[in-house]
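A.B. asks: Chains as they are written, first to last, in numbering that gives the first Met the number 0: chain A, 0 to 355; chain B, 0 to 355; chain C, 0 to 355; chain D, 0 to 355.
Note that these hints are calculated values from the structure, not bench results. Don't be surprised by glycine CBs; every beta carbon is placed ideally from N, CA and C. Check each hint, because a few of them may be wrong.
[Stated by the list, open to error] Partner residues are not named here, just some residues of chain D that face chain A (Cβ under 8 angstroms, in silico):
#, residue
1, N3
2, G23
3, R63
4, G115
5, L186
6, V188
7, A189
8, Q190
9, G248
4 protein chains.
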Amino acid sequence: MAGNSFGQVFRLTTWGESHGVAVGCTLDGCPAGLALSVDDVQRELDRRRVGQSKVSSQRQELDRVEILSGLFEGRTTGTPLSMLVRNTDAKPGHYEDIKQLYRPGHADYSWDVKYGFRDWRGGGRSSARETIGRVAGGAVAKLLLATAGITIVAYTLQLGGLRAQQIDEQEIERNIMRCPDAAVAELMVAQVDQARRERDSLGGIVEVRARGVPPGLGEPVFDKLQADIGKAMFSIPAIKGVEFGEGFGVAHARGSQHNDPFVRHADGSIGTSTNHHGGILGGISTGEEIILRLAAKPPASIAQPQSTVNQAGDPATITVHGRHDPTVLPRLVPIAEAMLALVLADHLLRQRMDRV
Amino acid sequence: MAGNSFGQVFRLTTWGESHGVAVGCTLDGCPAGLALSVDDVQRELDRRRVGQSKVSSQRQELDRVEILSGLFEGRTTGTPLSMLVRNTDAKPGHYEDIKQLYRPGHADYSWDVKYGFRDWRGGGRSSARETIGRVAGGAVAKLLLATAGITIVAYTLQLGGLRAQQIDEQEIERNIMRCPDAAVAELMVAQVDQARRERDSLGGIVEVRARGVPPGLGEPVFDKLQADIGKAMFSIPAIKGVEFGEGFGVAHARGSQHNDPFVRHADGSIGTSTNHHGGILGGISTGEEIILRLAAKPPASIAQPQSTVNQAGDPATITVHGRHDPTVLPRLVPIAEAMLALVLADHLLRQRMDRV
Amino acid sequence: MAGNSFGQVFRLTTWGESHGVAVGCTLDGCPAGLALSVDDVQRELDRRRVGQSKVSSQRQELDRVEILSGLFEGRTTGTPLSMLVRNTDAKPGHYEDIKQLYRPGHADYSWDVKYGFRDWRGGGRSSARETIGRVAGGAVAKLLLATAGITIVAYTLQLGGLRAQQIDEQEIERNIMRCPDAAVAELMVAQVDQARRERDSLGGIVEVRARGVPPGLGEPVFDKLQADIGKAMFSIPAIKGVEFGEGFGVAHARGSQHNDPFVRHADGSIGTSTNHHGGILGGISTGEEIILRLAAKPPASIAQPQSTVNQAGDPATITVHGRHDPTVLPRLVPIAEAMLALVLADHLLRQRMDRV
Amino acid sequence: MAGNSFGQVFRLTTWGESHGVAVGCTLDGCPAGLALSVDDVQRELDRRRVGQSKVSSQRQELDRVEILSGLFEGRTTGTPLSMLVRNTDAKPGHYEDIKQLYRPGHADYSWDVKYGFRDWRGGGRSSARETIGRVAGGAVAKLLLATAGITIVAYTLQLGGLRAQQIDEQEIERNIMRCPDAAVAELMVAQVDQARRERDSLGGIVEVRARGVPPGLGEPVFDKLQADIGKAMFSIPAIKGVEFGEGFGVAHARGSQHNDPFVRHADGSIGTSTNHHGGILGGISTGEEIILRLAAKPPASIAQPQSTVNQAGDPATITVHGRHDPTVLPRLVPIAEAMLALVLADHLLRQRMDRV
């Protein structure tokens with residue numbers, strides 16, 4: 000049953016398969032009057048694009064976006080934005096040989112059971128190529144958030160045992176790992192490079208932050224802000240864990256330490272003097288910075304032989320060729336930003352209905 | 000804007016405040032013909048009830064449920080089930096003194112900003128008392144799942160530095176911590192007891208499992224099974240982290256280790272020989288056990304003085320009296336089970352529409 | 000599948016069966032801060048109550064409503080309003096004899112086929128008693144609309160060949176037909192009385208109007224204002240036709256006559272000099288009065304023998320005893336008002352998100 | 000707020016403006032395994048295409064559809080179908096002169112008030128060109144319905160005082176009015192031709208029927224089958240009235256005449272001996288033919304001077320040039336079929352969840 004839409008009022012529907020004609024999205028519910036250009040969207044798509052460095056897949060796609068509707072004289076009209084990116088470097092032949100084998104760590108088997116058959120070309124719709132529609136929609140969300148003074152930033156926090164020791168946001172886009180610590184970034188690149196040579200892949204952690212989020216966003220009791228963000232993040236391929244503020248560290252905490260005292264900030268606003276809670280209390284934003292972390296598994300596609308079965312259940316050995324990412328982390332950064340932007344845009348609009 | 004419903008087709012709406020007249024729920028979308036009795040629901044409510052032991056709040060509520068509709072001659076009719084629990088031990092006077100102060104770690108401030116005012120009696124709707132409606136709905140979900148051979152179990156895995164060393168499911172309901180390791184449970188109780196005496200509270204981790212889940216549940220790309228479960232869990236008060244399978248451990252993993260080889264099981268079904276993935280691949284269940292963990296923060300209500308501000312932003316000291324849980328873990332167990340049951344029931348029904 | 004909720008953001012869920020324990024509703028999405036009392040709701044329920052006159056059913060129900068949540072110190076809190084009315088005069092015994100027969104004009108057969116069995120007591124949930132939840136929710140909607148200067152009125156326009164010749168709104172609540180023409184009302188009462196003596200029932204037309212609706216309500220292209228109103232009205236039992244403005248009369252119209260010229264009104268606002276369109280153009284309100292008419296079929300329950308079949312398909316004769324309305328018109332009036340209020344409240348809130 | 004999607008589980012989102020780059024749709028929730036080709040969709044689009052005869056607009060559009068996703072090896076995959084039609088004969092210049100005037104009978108004014116500005120080129124999204132996405136989605140719905148033995152037919156029943164005297168379905172596609180009575184069709188064409196010469200337009204009535212609909216479709220109480228059909232039809236531009244079965248004729252009916260006796264049909268199934276009810280009772284299909292009628296207003300665009308105001312509210316005279324339909328009836332036929340198909344497909348799938 001239909002599951003390709005996200006958001007209640009700022010509502011994105013993505014479509015498209017990895018090696019089909021095109022991928023894209025329809026964004027319904029964007030308010031009228033938002034200044035928007037193709038470049039605003041293209042810029043974000045360029046950030047998630049493949050073939051950018053030695054730590055990402057070598058598939059060559061320009062990912063040129065076309066905006067087909069909803070835009071008139073440089074502003075959104077209140078009607079759906081339809082955005083389209085043609086697939087130009089599709090090479091389904093890479094998958095012809097293994098179309099009857101289930102790739103370990105991939106959705107091939109569960110997809111077959113669910114739908115009776117599947118588009119086996121590069122994972123079809125389970126490919127990360129689907130996230131193009133998310134990033135396009137997220138680009139519009141970011142513009143809407145900007146009108147309210149909200150900014151979002153994400154970065155690679157950890158790869159294996161390597162963790163950023165400092166958060167220099169200026170550094171993020173300067174290195175191919177999108178790590179805010181230049182020295183650690185260098186070590187990470189070396190580690191990814193080695194994993195690639197060993198035909199293996201690596202997991203890690205991305206941290207995401209939103210600043211300028213006004214207090215009051217989030218809808219108790221099921222559409223709490225952390226609940227919708229949690230859903231958004233767990234809908235991204237490869238994500239196995241999500242935590243806010245202190246996250247799993249709360250298992251070791253006491254209430255007396257963990258509770259953040261309320262204070263009056265220098266600008267007169269009320270807030271908390273510490274931010275263990277990560278910007279959300281009771282499902283509603285507090286005005287403090289929203290902080291979360293995502294655990295991303297090592298990409299399942301690795302160029303070494305693995306044991307599996309075919310559709311009949313017979314044992315087989317599979318080697319996944321094709322062009323793959325040895326780590327998803329740097330490309331996950333713009334995707335995670337897009338998903339957080341989509342959630343916040345949705346709740347920014349929903350908040351308008353809170354009071355008479 | 001409306002956020003008190005959960006599920007697309009098996010759809011629960013909860014309502015009610017901690018110290019209002021009653022709490023309850025409306026469950027729409029339950030198929031007709033499901034055998035159901037009041038006892039089925041009462042049993043689950045009794046598990047989450049307060050006043051059961053020295054590790055939970057001393058508020059005395061019988062939580063007797065009444066089923067007002069949707070049931071005829073012992074079976075569901077396909078019409079909405081309305082379920083009601085009267086509040087009998089409400090003591091709003093406990094909160095009169097602090098109604099203008101923001102309790103640290105609570106939703107008081109964010110709620111005030113959002114709605115302009117709030118029901119300050121025991122947190123109003125942000126109270127965990129709201130979860131009665133969830134557990135009532137979850138009880139019906141469990142019955143539906145049982146018709147498909149699906150069972151759910153949750154337990155306290157960790158409290159501070161104490162972690163269950165063995166998982167003996169028979170043990171869970173035998174101790175007041177709902178820990179599957181009797182020896183560790185005893186240590187946990189002692190630790191909670193001490194925290195209570197110190198007027199403090201403790202965080203921890205609950206693990207949740209579902210068995211017998213058929214492969215094919217979950218709707219790409221946004222309503223992935225882990226996405227909807229993630230949302231469900233993050234909608235529970237106090238949850239700060241959710242992880243599936245290896246969870247945050249994937250940060251240290253390599254693809255070659257983390258990928259679970261597909262095999263033919265002894266019963267002829269296809270599955271995986273290991274279960275690092277936690278029962279879901281590509282957002283769709285694989286037929287393997289679903290495993291997840293929840294990080295619960297220490298309850299914010301502690302009976303020691305804390306610094307805060309009042310509604311005007313002036314500094315103040317607050318001491319939260321009332322009857323509180325020194326840890327949420329044992330009561331979180333039935334709530335987490337209920338939420339997982341609701342998600343699985345929803346997707347079990349949604350799966351019926353996957354194929355022509 | 001779940002179909003008991005109405006509205007996207009001002010969202011009403013009704014529940015309950017005719018001869019069950021109670022009927023009621025949950026209203027989610029009502030903004031915080033709306034002044035509301037039990038009396039506001041009771042007043043509307045009293046208008047739709049049975050047993051009020053010789054033109055309605057003789058079932059005796061007080062329909063006392065209880066508000067269980069969402070209200071604090073006289074104002075809505077932004078949390079769900081749960082409202083409850085106990086059934087006190089349920090007499091399921093009236094239906095015991097005919098529980099295996101399909102009453103002509105009723106939902107018995109289609110309900111049986113759909114769900115496999117049914118609550119046969121008074122039609123169960125297909126009874127008009129379900130509309131109590133709608134009227135309760137509609138009462139809250141009317142209060143919200145009042146804050147924006149919107150008022151709604153409905154009345155019996157036509158019964159058989161009798162049609163109101165003048166619309167005196169002061170007259171509506173003065174006669175038991177709720178007809179705005181006192182003289183015609185008298186004739187209608189006589190006609191209903193005669194039909195009742197002949198153990199028969201009568202159809203007719205109700206007209207509904209909304210004034211003070213600001214221009215701009217309605218969401219192209221599927222949630223057009225007339226589309227959502229149309230759905231609302233066709234969800235009321237007995238409605239077989241809905242028309243706006245000139246309605247079916249447009250079949251005979253020419254564009255040059257039917258188009259309403261735009262003008263500047265005396266108050267400076269833009270509007271139309273005539274109102275053939277009925278207050279909505281392109282799915283969006285124009286600021287002119289919204290006018291629609293509903294065709295209501297004669298009640299299916301009549302106390303004369305009718306031929307039918309039983310569950311096995313065998314021919315049978317059925318005589319429906321019990322307490323029935325010889326016409327639904329006067330009681331349809333508050334129900335139609337409630338449904339229109341629900342739609343307008345929903346769109347009034349949705350409009351808040353139209354612009355950046 | 001987002002209103003461009005229709006259907007709960009078989010969910011269509013349309014996008015695009017009359018003189019923008021393209022129009023199209025995304026269809027989510029179509030089950031996997033449905034045989035589908037581009038021709039299946041193109042055939043329906045060709046039926047609604049303009050420029051086909053002297054009774055429709057002379058705009059020349061080939062309306063070639065491209066299916067961008069969701070289709071693999073001739074079958075739907077369970078993922079969203081994205082369909083695209085480029086606008087090739089857009090002539091926005093036709094509208095440049097009148098962009099500040101409000102065309103009588105059109106959405107120009109209400110759109111401006113709602114969104115603050117509008118795409119004035121040919122009505123932008125309020126143009127009937129938007130219905131291309133509906134017809135494309137409806138084509139897929141028809142294929143799904145065909146697998147269940149359901150067929151849909153619509154035709155022009157009435158134009159002004161001319162009404163089909165016989166329903167010969169073979170005749171429908173043989174004449175340009177799509178009238179099932181050849182003789183009356185000829186008179187209709189003459190009348191339309193005359194109206195066009197007089198620079199005027201005509202209203203009328205379309206009748207729509209569905210056969211083979213199994214009993215049990217429709218979801219009480221708000222998503223009743225007639226309620227969802229009612230919404231679908233009122234979402235089509237120009238529709239001012241919808242009626243089922245006897246429709247507004249019920250105002251003159253008595254229960255004893257109007258009730259349809261239940262009988263056992265020759266094939267053993269249960270049904271009714273007459274069909275005054277139009278195939279739906281209690282919101283649920285009965286298995287009898289579904290019959291409804293739509294009243295369509297005369298097209299608002301007429302090539303004669305009309306009085307109006309400009310955006311400032313100043314009086315003005317407007318003459319709408321461009322290429323317009325003197326009647327919408329023949330082109331309404333495939334659109335009405337598409338909308339009915341979408342509703343039935345949605346409910347056919349929803350019905351799968353009715354029972355345990």
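A.B. asks: Hint by hint, note whether the structure agrees.
C.D. replies: Cross-check of the supplied hints:
no.	hint	in the structure
1	N3	holds, 5 angstroms
2	G23	holds, 6 angstroms
3	R63	violated, 14 angstroms
4	G115	holds, 6 angstroms
5	L186	violated, 40 angstroms
6	V188	violated, 35 angstroms
7	A189	violated, 39 angstroms
8	Q190	violated, 35 angstroms
9	G248	violated, 38 angstroms
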